[in-house]
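Chemist: Modelling step: build the complete structure from the supplied sequences, incorporating the hints.
The sequence shown begins at 1224 in our numbering and counts up by one.
Simulated from the structure, these hints should not be mistaken for laboratory data. By construction, the Cβ of each residue, glycine as well, lies at the ideal position given by its N, Cα and C atoms. Just to be clear, a hint being listed does not mean it is correct.
[To be verified] Keeping only pairs whose Cα atoms sit at most 25 Å apart, straight-line, the calculated DMTMM-like set for lysine to aspartate or glutamate is:
hint, residue 1, residue 2
1, Lys1290, Glu1515
2, Lys1464, Glu1479
3, Lys1474, Glu1459
4, Lys1471, Glu1459
5, Lys1395, Glu1459
6, Lys1474, Asp1458
7, Lys1471, Asp1458
8, Lys1395, Glu1673
9, Lys1290, Glu1525
10, Lys1395, Glu1469
11, Lys1395, Asp1458
12, Lys1290, Asp1429
13, Lys1557, Glu1673
[What the hints assert, rightly or not] Quick list of simulated restraints, FRET-style, between CB atoms:
hint, residue 1, residue 2, range
14, Ala1670, Phe1300, 39 to 45 Å
15, Ala1659, Arg1553, 30 to 36 Å
16, Leu1425, Ile1655, 33 to 39 Å
17, Leu1546, Ser1576, 23 to 29 Å
18, Ala1662, His1520, 38 to 44 Å
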Amino acid sequence: MHREITVNQRTTHEPSPKLHLPDDPPAATQPRHGLLGRLALASGVGTALEFYDFALYATATSLVFNKVFFVVDDPWFGAFLGFVTFAVGFLMAPIGALLFGHFGDRLGRRNTLIATFTLMGAATFLMGVLPSHATIGIAAPLLLLFLRLVHGIARGGEVSGAALIAIEHAPKGRRGLYGSFVTLGSPIGAGLANLSFLLILLLPQDVVVSWAWRIPFLLGGLVLVVGLVTRLHVDETPVFKQLQSERKVAKRPIAETLRHSWGRVLGAAGVMFGFNAFQYVLFTFLLSFGTEPVAQHGLGLERSVLVTGTLFGCLGHAVTILLSSVISDRVGRKPVILTGAVLLALYAFPMFSLFTAGSSADAAMAIVIGFVIAGIMFGPMLTWFSQLFAPAQRYTGIGLGFQIGAALGGGFSPLIANRLLVATGTTVSISIFLVAAMALSLVCLIALPERHREVPVDA
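Modeler: Right, here's the structure in full:
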């Protein structure tokens, strides 16, 4: 196969040993508003459902599940068990990244994404119809754990595939913007989850615990239908089609990724570790810590105010995700991500000082500021990850790096924060942990390259 290459105004013919993210793939040279809208919805809806479910589960764990599923004498221990199942979902994600990364790099991005989304949506919906501990005893938390496992495995293949659907359709100079379609799903999903719980908390506490908490989970079924319809109307990416036409599809994506790009997988995981440690302290631990009674190591703050703070934090998160993604198309991904990482590290101590100042409003403001800063770091992250790996290994590489870091950082940070608070009696220990986690992210950020516009298929 040959192609024409223009060098210094001369046209020559050379073999094409490389395949790279095309500067102007056919679908993107003349972008149509209909295509752009479908791409935005198809790539973002899965991340939105993922974070909708995780925010729902985190909120329900903090407020309800210790009364519905994890019924023990000590309410704090019930909440702790809920956080354990939360962590289990994270731990399954790297397994899902291996499984769906193989299919995504072998069979294509589109069909793999349809499978991951179906599993995630079904698991979320079924949590809403799960009988309580009072009805079926120990089977209730065990079934909940099983659904978390299914959701975690599906989650492992969702983010990387959604990112590639968007980025591999993107025209030159707009990959950061297109990548933001996926990262924007995070605050949108989390915001919708917190809004739904905010409305439900207006009901009497016994009604919430009895049945009302199920409504947001059941609405996940509606999101599933909308997302499936949208994804069925999006074509395979131009990059994967080119891989197929040139017979460059990886035969063993996992082995090839680990053989050629293991350092970048570990580097991406390190970046994600610090970010997720900070983000899930914001998402989960602060709500539980803030609303638990003082006698149970909490602050006894108003639940509705903190949930409202999280909702406004998600709005700010969305704004900074979009802005940082657009800016990254001009100045590069690393400078923007580094800026966000440094700001998060600097905010670790002030965040808890403000959160524990004594009023629910101050605590809510601490959450809002944290989300706004986190958006700076998260916005261009998936676009940057996509440029670290060869196209034939990209689904697997992004998935492994993203999910290993998310599992270790996000899955365990609420548990670590909880134990540090109980062991030391002060939030200073949690701030030190977050600074250390962000230091790891910064080291990995500096070590990894800025971007790779051209990556050999067999590199």
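Chemist: Hint by hint, note whether the structure agrees.
Modeler: Taking the hints in turn, this is what the structure says about them:
1. Lys1290 / Glu1515: 14 Å, holds
2. Lys1464 / Glu1479: The hint holds at about 20 Å.
3. Lys1474 / Glu1459: With a Cα-Cα distance of about 19 Å, the restraint between lysine 1474 and glutamate 1459 holds, given a limit of 25 Å.
4. Lys1471 / Glu1459: Cα-Cα ~16 Å, so holds.
5. Lys1395 / Glu1459: Between lysine 1395 and glutamate 1459 the Cα gap is close to 18 Å, so the pair holds against 25 Å.
6. Lys1474 / Asp1458: 22 Å, holds
7. Lys1471 / Asp1458: It holds: about 19 Å lies between the C-alpha atoms, which stays within 25 Å.
8. Lys1395 / Glu1673: Holds, at roughly 17 Å.
9. Lys1290 / Glu1525: 19 Å, holds
10. Lys1395 / Glu1469: 22 Å, holds
11. Lys1395 / Asp1458: Since the Cα atoms of lysine 1395 and aspartate 1458 sit roughly 19 Å apart, the hinted pair holds (cutoff 25 Å).
12. Lys1290 / Asp1429: Holds. Lysine 1290 to aspartate 1429 sits at ~10 Å (cutoff 25 Å).
13. Lys1557 / Glu1673: 6 Å, holds
14. Ala1670 / Phe1300: 39 to 45 Å: 40 Å, holds
15. Ala1659 / Arg1553: 30 to 36 Å: 32 Å, holds
16. Leu1425 / Ile1655: 33 to 39 Å: Given range 33 to 39 Å: holds, Cβ gap about 38 Å.
17. Leu1546 / Ser1576: 23 to 29 Å: For serine 1576 against leucine 1546, whose Cβ atoms are near 27 Å apart, the range 23 to 29 Å holds.
18. Ala1662 / His1520: 38 to 44 Å: Check failed, 27 Å falls outside 38 to 44 Å.
The structure is inconsistent with hint 18 alone, although it conforms to all the rest.
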